Amino acid sequence: MKMKTTALLLACLSLPALAEEVGEVSTTFKLLSPNDKVVVEAFDDPSVQGVACYVSRAKTGGYKGALGLAKDPSRFSVACRQVGPIRFSGPVPPQEQVFKEGASFVFKHVRVVRIVDAKRNVLTYLTYSDKLVDGSPDNAITAVAVLDQKIPLKK
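One point on numbering: in our numbering, the residue at position 65 of the sequence shown is 184, and numbering is uninterrupted.
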C-alpha cells in the first residue's frame with residue numbers, strides 16, 4: 120500500500136503547473152457580450168523552485184467566448200525569470216511539459232515545455248499551441264541561466 124501511495128504522489132508532482140491570472144486588457148469592445156482580451160497568467164515551474172513563468176495569450180470574447188466554445192488565436196508569449204534561489208526537486212528530464220491550458224472547447228491547447236541546454240547550463244522555455252489535427256507554428260521562447268549550480272539531468 121505504501122508503494123502505491125508513493126507512486127500516486129510522484130505522479131501528482133509531475134503534472135503540469137496550474138496558472139493564476141495576474142491581469143488582462145481588453146482589445147475590442149462588445150456591447151452585449153465579453154470583450155476580446157489579452158490575459159497574463161503566471162505559474163511556477165513544478166520541478167524548479169525559484170523560477171516563475173508568465174504567459175500572455177489572446178482570449179476570444181463574444182457569446183462563444185462566454186460559453187467556453189470559442190477558439191482562441193494562437194498568439195502568445197512567455198517570459199520566465201528567477202524569482203528566488205533556484206532549487207531542483209531532483210534530476211529533471213532534458214525536455215518536459217511544465218504547463219498546459221485549453222485554448223478551445225476541446226481540441227486546442229497552449230503548452231509550455233522546458234528544454235535544458237546542458238552545454239550552457241540554461242533552462243529554456245518554449246510556448247506553442249497544438250490542435251487535434253494540426254498545430255500552429257507560432258511560438259515564443261525564453262531562457263533562465265542557472266549560474267550557481269549544475270542542472271541535475273535525468274539520464
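A couple of the hints might just be wrong.
[Said to hold, decoys possible] Taking CB as the label site, the calculated pair distances span:
| no. | residue 1 | residue 2 | range |
| --- | --- | --- | --- |
| 1 | PRO271 | GLU139 | 37 to 43 Å |
| 2 | LYS274 | ARG239 | 18 to 24 Å |
| 3 | SER145 | LEU245 | 27 to 33 Å |
Keep in mind the hints are simulated off the structure, nothing from the lab.
Nothing here was measured: the structure is a model prediction, and the numbers come from that model.
No residue lacks a Cβ here, since even glycine has one placed at the ideal position from N, Cα and C.
Consistency of the hints with the structure:
1. PRO271 to GLU139: 37 to 43 Å: 28 Å, violated
2. LYS274 to ARG239: 18 to 24 Å: 19 Å, holds
3. SER145 to LEU245: 27 to 33 Å: 28 Å, holds
Checked against the numbered hints given earlier, this structure breaks only hint 1.
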